[in-house]
Amino acid sequence: DSGVTQTPKHLITATGQRVTLRCSPRSGDLSVYWYQQSLDQGLQFLIQYYNGEERAKGNILERFSAQQFPDLHSELNLSSLELGDSALYFCASSSQKGANTGELFFGEGSRLTVL
Amino acid sequence: AQRVTQPEKLLSVFKGAPVELKCNYSYSGSPELFWYVQYSRQRLQLLLRHISRESIKGFTADLNKGETSFHLKKPFAQEEDSAMYYCALSSASGTYKYIFGTGTRLKVLA
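Sequence order for the protein chains is A and B. Per our numbering, the first sequence starts with residue 1, numbered consecutively. Per our numbering, the second sequence starts with residue 1, numbered consecutively.
Pulled out of the complex, with its shape left as it was, chain A reads as follows (with noise of 0.2 Å):
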């Protein structure tokens, strides 16, 4: 599957925890996006890479950070966690050629639980 994955599907660990999510891009993609999908609140922007570098970030916790590698994969790390960051997490990709954005490419997201 050339398709965007992201592992693991589920998580479920206690507040105070670190945990890395980690999505690979469909194959060619150079953008990767991550959202965080909580109860009611839609698909909340976290941050984008371009080509191994950040290029926007959205409304990321200092406890998270994020990396893309070499290898066009990414990461997302959260730290300190707490019973709120319990969410859906996604990863998206795109080619992103020249000026227009174009379509993202969605993973079937990371289930997060946080008790």
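Just so you know, these hints were derived from the structure itself, not from any lab. Computed from a predicted model, the values in this text were never measured in an experiment. The reader is advised that the hints may include incorrect statements.
Quick list of in silico lysine to any residue cross-link-like pairs, SDA-like style, CA-CA up to 25 Å [claimed, not checked]:
{"no.": "1", "chain 1": "B", "residue 1": "Lys107", "chain 2": "A", "residue 2": "Gln44"}
{"no.": "2", "chain 1": "B", "residue 1": "Lys22", "chain 2": "A", "residue 2": "Glu103"}
{"no.": "3", "chain 1": "A", "residue 1": "Lys9", "chain 2": "B", "residue 2": "Arg41"}
{"no.": "4", "chain 1": "A", "residue 1": "Lys57", "chain 2": "B", "residue 2": "Ser40"}
{"no.": "5", "chain 1": "A", "residue 1": "Lys9", "chain 2": "B", "residue 2": "Glu54"}
{"no.": "6", "chain 1": "B", "residue 1": "Lys65", "chain 2": "A", "residue 2": "Gly42"}
{"no.": "7", "chain 1": "B", "residue 1": "Lys107", "chain 2": "B", "residue 2": "Gln42"}
{"no.": "8", "chain 1": "A", "residue 1": "Lys9", "chain 2": "B", "residue 2": "Gln42"}
{"no.": "9", "chain 1": "A", "residue 1": "Lys57", "chain 2": "B", "residue 2": "Thr102"}
{"no.": "10", "chain 1": "B", "residue 1": "Lys9", "chain 2": "A", "residue 2": "Thr5"}
{"no.": "11", "chain 1": "B", "residue 1": "Lys9", "chain 2": "A", "residue 2": "Glu103"}
{"no.": "12", "chain 1": "B", "residue 1": "Lys9", "chain 2": "A", "residue 2": "Ala87"}
{"no.": "13", "chain 1": "A", "residue 1": "Lys57", "chain 2": "B", "residue 2": "Ser26"}
{"no.": "14", "chain 1": "B", "residue 1": "Lys73", "chain 2": "A", "residue 2": "Asp40"}
{"no.": "15", "chain 1": "A", "residue 1": "Lys9", "chain 2": "B", "residue 2": "Ser40"}
{"no.": "16", "chain 1": "A", "residue 1": "Lys57", "chain 2": "B", "residue 2": "Thr68"}
{"no.": "17", "chain 1": "B", "residue 1": "Lys107", "chain 2": "A", "residue 2": "Gln37"}
{"no.": "18", "chain 1": "B", "residue 1": "Lys9", "chain 2": "A", "residue 2": "Ser86"}
{"no.": "19", "chain 1": "B", "residue 1": "Lys107", "chain 2": "A", "residue 2": "Gly42"}
{"no.": "20", "chain 1": "B", "residue 1": "Lys9", "chain 2": "A", "residue 2": "Gln37"}
{"no.": "21", "chain 1": "B", "residue 1": "Lys22", "chain 2": "A", "residue 2": "Gln41"}
{"no.": "22", "chain 1": "B", "residue 1": "Lys107", "chain 2": "A", "residue 2": "Asp40"}
{"no.": "23", "chain 1": "B", "residue 1": "Lys107", "chain 2": "A", "residue 2": "Ser95"}
{"no.": "24", "chain 1": "A", "residue 1": "Lys9", "chain 2": "B", "residue 2": "Lys73"}
{"no.": "25", "chain 1": "A", "residue 1": "Lys9", "chain 2": "B", "residue 2": "Ser26"}
{"no.": "26", "chain 1": "B", "residue 1": "Lys9", "chain 2": "A", "residue 2": "Gly52"}
{"no.": "27", "chain 1": "B", "residue 1": "Lys107", "chain 2": "A", "residue 2": "Gly58"}
{"no.": "28", "chain 1": "B", "residue 1": "Lys9", "chain 2": "A", "residue 2": "Gly42"}
Computed spacing ranges between beta-carbons, pair by pair [said to hold, decoys possible]:
{"no.": "29", "chain 1": "B", "residue 1": "Met84", "chain 2": "A", "residue 2": "Ser86", "range": "17 to 27 Å"}
{"no.": "30", "chain 1": "A", "residue 1": "Phe69", "chain 2": "B", "residue 2": "Pro18", "range": "17 to 27 Å"}
{"no.": "31", "chain 1": "B", "residue 1": "Thr68", "chain 2": "A", "residue 2": "Thr7", "range": "34 to 44 Å"}
{"no.": "32", "chain 1": "A", "residue 1": "Asn59", "chain 2": "B", "residue 2": "His50", "range": "45 to 55 Å"}
Don't be surprised by glycine CBs; every beta carbon is placed ideally from N, CA and C.
Chain B: place on chain A using the hints.
The following block gives chain B in isolation, referenced to the frame of chain A:
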């Protein structure tokens, strides 16, 4: 600041009735606007974008810069249209953010 507003969380219509899902945006430049759809047990996927001005699955959306709106319309709803719909705005220059509204769940009743 960039913002996308979808005022309706849930919209229920009968099969064959017209559908309009509202989307208003706030952005000072020239945005790209999109509608994404998520069917049950499927990934979020692009439905249509304002640049292409096309009709997908009978849906159309017109960008109204004066009213800063990008409402999604379909003249005759089908049961298979039942899904979660998200309006999105992208800025390919300047901020490069790609933001979504809170979504509207469309239920088409038989």
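Any hints this thing doesn't respect? Which numbers, in order? 4, 5, 10, 23, 24, 25, 26, 27, 30 and 32
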